[in-house]
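Those protein sequences? They're chains R and X, same order as listed. Per our numbering, residue 1 is the first one in the first sequence, and the count goes up by one each step. Per our numbering, residue 1 is the first one in the second sequence, and the count goes up by one each step.
Honestly, the hints are just simulated from the structure, not real lab data. Treat the hints with care, since some could be wrong.
The list that follows gives simulated cross-link-like pairs (lysine-lysine, BS3-like), each with its CA atoms no further than 27 angstroms apart [unchecked claim]:
#: 1; chain 1: X; residue 1: Lys374; chain 2: X; residue 2: Lys51
#: 2; chain 1: X; residue 1: Lys81; chain 2: X; residue 2: Lys279
#: 3; chain 1: X; residue 1: Lys205; chain 2: R; residue 2: Lys59
#: 4; chain 1: X; residue 1: Lys191; chain 2: R; residue 2: Lys20
#: 5; chain 1: X; residue 1: Lys51; chain 2: X; residue 2: Lys81
#: 6; chain 1: X; residue 1: Lys250; chain 2: X; residue 2: Lys205
#: 7; chain 1: X; residue 1: Lys191; chain 2: X; residue 2: Lys314
#: 8; chain 1: X; residue 1: Lys16; chain 2: X; residue 2: Lys284
#: 9; chain 1: X; residue 1: Lys374; chain 2: X; residue 2: Lys279
#: 10; chain 1: X; residue 1: Lys340; chain 2: X; residue 2: Lys16
#: 11; chain 1: X; residue 1: Lys279; chain 2: R; residue 2: Lys20
#: 12; chain 1: X; residue 1: Lys205; chain 2: R; residue 2: Lys58
#: 13; chain 1: X; residue 1: Lys340; chain 2: X; residue 2: Lys305
#: 14; chain 1: X; residue 1: Lys284; chain 2: R; residue 2: Lys20
#: 15; chain 1: X; residue 1: Lys312; chain 2: X; residue 2: Lys15
#: 16; chain 1: X; residue 1: Lys340; chain 2: X; residue 2: Lys312
#: 17; chain 1: X; residue 1: Lys279; chain 2: X; residue 2: Lys51
#: 18; chain 1: X; residue 1: Lys81; chain 2: X; residue 2: Lys284
#: 19; chain 1: X; residue 1: Lys312; chain 2: X; residue 2: Lys190
#: 20; chain 1: R; residue 1: Lys51; chain 2: X; residue 2: Lys205
#: 21; chain 1: R; residue 1: Lys51; chain 2: X; residue 2: Lys314
#: 22; chain 1: X; residue 1: Lys81; chain 2: X; residue 2: Lys374
#: 23; chain 1: X; residue 1: Lys190; chain 2: X; residue 2: Lys16
#: 24; chain 1: X; residue 1: Lys312; chain 2: R; residue 2: Lys51
What follows is a set of in silico ranges between Cβ atoms, one per label pair, in the way DEER data are often shown [unchecked claim]:
#: 25; chain 1: X; residue 1: Ile213; chain 2: R; residue 2: Ser62; range: 23 to 33 angstroms
#: 26; chain 1: R; residue 1: Leu29; chain 2: X; residue 2: Thr311; range: 25 to 35 angstroms
#: 27; chain 1: R; residue 1: Ser52; chain 2: X; residue 2: Asp43; range: 51 to 61 angstroms
#: 28; chain 1: R; residue 1: Val93; chain 2: X; residue 2: Val245; range: 41 to 51 angstroms
#: 29; chain 1: X; residue 1: Ser204; chain 2: R; residue 2: Leu29; range: 17 to 27 angstroms
#: 30; chain 1: X; residue 1: Val7; chain 2: R; residue 2: Ser33; range: 32 to 42 angstroms
#: 31; chain 1: R; residue 1: Lys51; chain 2: X; residue 2: Ile309; range: 17 to 27 angstroms
#: 32; chain 1: X; residue 1: Lys314; chain 2: R; residue 2: Lys58; range: 50 to 60 angstroms
#: 33; chain 1: R; residue 1: Thr25; chain 2: X; residue 2: Pro177; range: 30 to 40 angstroms
Being a predicted model, the structure only gives us computed values, none of them experimental. Every residue gets a Cβ at the ideal spot worked out from N, C-alpha and C, and that includes glycine.
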Amino acid sequence: MIYFSMVEEWTTRFATLSEKIFMGTAMLLVGFSIVFIMLVILIICITLMSKSVTALHKKINSTDITIPKVKEINHVTPVKIVHDTILEDHTLVAVITAAIAALLSSESAKSPTYPGFKVREIRRVKENTFGNH
Amino acid sequence: MIGVACVLFFLAIVKKFEPLLLLPIAFGVLLANIPGANIVNMDLFNPAFIKSLGYPEGTLIAYRELISHGGLLDLLYLGVKLGIYPPLIFLGIGAMTDFGPMLASPRSLLLGAAAQLGIFTAFFLALFLGFSPQEAASIGIIGGADGPTAIFLTKTLAPHLLGPIAIAAYSYMALVPVIQPPIMNLLTTKKERMVVMSQLREVSKVERVVFPIIVTIVVSLLIPDATPLVGMLMLGNLFRESGVVERLTKTASGDMINVITILLGVSVGATATGSTFLKFETIKIIILGVIAFGFGTVGGVLCGKLMYIVTKGKVNPLIGSAGVSAVPMAARVSHVEGMKANPNNYLLMHAMGPNVAGVIGSAIAAGILISLFK
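So that you can see chain X by itself, here it is in the shape it has in the complex (with noise of 0.2 angstroms):
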């Protein structure tokens, strides 16, 4: 394990995959795994254990033995399993993310929907290797290319594949430029590639305030596993657009973000022990991870296809692909593949739109998943 560290450590410094979070979940990794320094001990988790120590059914923490005898890591990791940090990242998230492309096209909802395809086809695929539902649920959940959120679900139905899961949401996350474009030239026409969208609308500033209310209300309501995730990113995003709590906007899409992914990130790669990530599911979960993005991919531009199709030429099909929510990279891959076929085209704004619908659609489809699953 400390040799799968220094892989990380590879992937995340000299390749420049993801490094926020990998390079803490790399460092977490070889913490857990260095002999004797009893740093962290996930058995303080484990149900059975729990269990066999005199704790009631359903106990979830061996509090008594974490605060007598746990280690560093054991109490960082307290914030993903209470279902902290990963909420806390999305705060900080709204506070970034401007949902103005989104609310100029409404209809980009539908492609950020259509990309979570590749959530659910994993999921089917995962049911039939052999993986029990929650397990699958988790592996699908890769396919949402969000991390925060795949960390979210995971640790609530299968946190003993917390750390295959999160290296691999997170290493698939920084491929997306390798991933998608071949399935982006595959299933659309150069016609349709070169198509130049008209300009979107001004978003006025009631309606930038509005959205976030309406979305958790109505999220909240019909969905209400979904609250801590969709709640904070619209809290976060509320603070960004009211634009009278300057200092809340920069704490929270500045330091306060930024303590959290480390915190994050070296507890969740503490759970990557040999026992845990040396297994055969877990060349099963990195393929399947694959399969998520692809399908995710494939949904998104189809839909893309029947708007082209529906507007009669209006929509460029690529900006579908920006519905795989890894914000801002898969807008950037949507712009990059327009301008290969038209140089004068600028999608990037028109793709945005789909990125940021793709964050709610994925914490929409965790909700969903947690429902059914927990």
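For reference, chain R alone in the conformation it holds in the complex (with noise of 0.2 angstroms):
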């Protein structure tokens, strides 16, 4: 680097037109091989780690995994109905069975050890005979 410093004032001051071109040359070619060389070692170090990783990924895929089964998820049940207790109304059971499953399924279900649920009884809770707070 320092060379060529110094030989800055001799190349425009100085030097003839066959030093300048035999300079001139020599920096061509040397230039260039760098680039070469170095664009080179980008290909063997690219090739080598794309080798690496398809040996890697052949060696993961070769090993038997067993992925175990997820339990079905039952969110429709017959629901008992006790008739003395709640409502008679199929419909109203059938929509609050919905809307359990609905939430279940968005929170839990993902998880691979969720085990599902089922809707035993729903019953009328008696009035509170002091009134709501």
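Assemble the dimeric complex from its two separately framed chains, guided by the hints.
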């Protein structure tokens, strides 16, 4: 680098035509060769990287992995209706069951361990004799 | 110079020559040459003038005068002088670039390397025409067809030529579809242009993520002066490929690069004053710029022909011209010329490999020239 800085004045003021041609040709060959060598090194690095990644993928795919089956979610089950305590409104029961199913499926059903649910009973609770608070 | 600015406006707005940069550059030229506006004073960055003010040898900026008397464009020019804007532009370019086609076919890096022949040929001829080695290197880098790289190198080696070199570089990038096809047709036969290349393989996400890290380490260790450009290019690409910083990717490839483009264009244009631009040297620079582009295309196509012979006809030599890193225009030119020879030939993705490889190649070439002549 110091050499080329020193030759600056020489190049512009003192060098003959043939000396300028020689220096220019030398720079052309040196600079171009360095660019080529750098990119060949990059090609080698990229090729080695690609081969390593491919080999790693093959190793992972060759290993047997058993995926446990997810238990089926049973959202809709017959509900035991206790006739003497709740409304005999099957439509209302169906709506309540569907709402619970939608809420739970959005929150938990994504987990592979989610067990599902069953609505066993819907019962009207006795009114509070002291009023609502 | 106001007339020159108007010509540049015409080229940018009517002819649409790289308007994203040429329009702000043209306006910078206009602002800098309005008498009495005092919006820029390039003497504040002139080593001889700085020394006459009493600063120590080697001081690059007259800080006191800049802060007390500097105009708007003097302050914006600091981003160029201190080497901030070009690497940030490369950050945005990296965030927008898909290196997949190059990773699928790493040999396209050879085509990117061969296309840098234009840089060193123009360097050789510039030396021959009486320019100093630093000026010749700055002129030669026009052949890299990469605006930020040309600006980054020129501000280091020959800042007084920044205006004409930036204007030449961006004008010729827009002329790639005019300059390249005759050279491509001259150097290839119809049989070679008709070659249909096989489909590129799928590149995995792991390869895309590891690639920018490897390139940064290898290039920075071997050519430290290329680190600002290559490092920021690869950082932007890592943002894109990692997929975990979508906000940063969006900012880098969108708003950030737009802001920096405006600041860079205006401040580079401001360096083109009458005393620096209206000289015979400017005409030499313009001619050498065309030669640089031409020889870059020659280098890429000849390397493509060599690969055609070595692979026994599997590589279309036309993709070699895409090593001139005017992304994606040079790749499109290869594709269009390929389709002219064979309407069923789709070379665009194959040409993108050498095209993006040329960006890395021109940054490495700039690093080499800075290392040699700084």
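Status of each hint after checking the structure:
1. Lys374/X with Lys51/X: Given pair Lys374/X, Lys51/X holds - Cα atoms ~19 angstroms apart, limit 27 angstroms.
2. Lys81/X with Lys279/X: Answer holds: Lys81/X to Lys279/X is near 23 angstroms, not above 27 angstroms.
3. Lys205/X with Lys59/R: Since the Cα atoms of Lys205/X and Lys59/R sit roughly 17 angstroms apart, the hinted pair holds (cutoff 27 angstroms).
4. Lys191/X with Lys20/R: Roughly 41 angstroms separates the two Cα atoms, so the pair is violated.
5. Lys51/X with Lys81/X: At roughly 17 angstroms apart (the allowed maximum being 27 angstroms), Lys81/X and Lys51/X satisfy the hint.
6. Lys250/X with Lys205/X: Distance of about 19 angstroms is within 27 angstroms: holds.
7. Lys191/X with Lys314/X: holds (12 angstroms)
8. Lys16/X with Lys284/X: holds (24 angstroms)
9. Lys374/X with Lys279/X: holds (25 angstroms)
10. Lys340/X with Lys16/X: With Cα atoms ~24 angstroms apart, Lys340/X and Lys16/X stay inside 27 angstroms; holds.
11. Lys279/X with Lys20/R: Holds, because 23 angstroms separates the two Cα atoms, which is no more than 27 angstroms.
12. Lys205/X with Lys58/R: holds (15 angstroms)
13. Lys340/X with Lys305/X: holds (18 angstroms)
14. Lys284/X with Lys20/R: holds (18 angstroms)
15. Lys312/X with Lys15/X: Not satisfied, since the Cα-Cα distance of roughly 42 angstroms exceeds 27 angstroms.
16. Lys340/X with Lys312/X: holds (22 angstroms)
17. Lys279/X with Lys51/X: Distance ~25 angstroms between Lys279/X and Lys51/X Cα, so the pair holds.
18. Lys81/X with Lys284/X: holds (24 angstroms)
19. Lys312/X with Lys190/X: Roughly 16 angstroms separates the two Cα atoms, so the pair holds.
20. Lys51/R with Lys205/X: holds (14 angstroms)
21. Lys51/R with Lys314/X: holds (22 angstroms)
22. Lys81/X with Lys374/X: This hinted pair holds, its Cα atoms lying about 14 angstroms apart.
23. Lys190/X with Lys16/X: Roughly 32 angstroms between the alpha carbons, so the hint for Lys190/X and Lys16/X is violated.
24. Lys312/X with Lys51/R: Holds, because 24 angstroms separates the two Cα atoms, which is no more than 27 angstroms.
25. Ile213/X with Ser62/R: 23 to 33 angstroms: holds (27 angstroms)
26. Leu29/R with Thr311/X: 25 to 35 angstroms: holds (26 angstroms)
27. Ser52/R with Asp43/X: 51 to 61 angstroms: holds (55 angstroms)
28. Val93/R with Val245/X: 41 to 51 angstroms: holds (49 angstroms)
29. Ser204/X with Leu29/R: 17 to 27 angstroms: This hint is violated: roughly 38 angstroms between Cβ atoms.
30. Val7/X with Ser33/R: 32 to 42 angstroms: holds (40 angstroms)
31. Lys51/R with Ile309/X: 17 to 27 angstroms: holds (26 angstroms)
32. Lys314/X with Lys58/R: 50 to 60 angstroms: This hint is violated: roughly 26 angstroms between Cβ atoms.
33. Thr25/R with Pro177/X: 30 to 40 angstroms: Because 32 angstroms falls inside the window, the suggested range holds.
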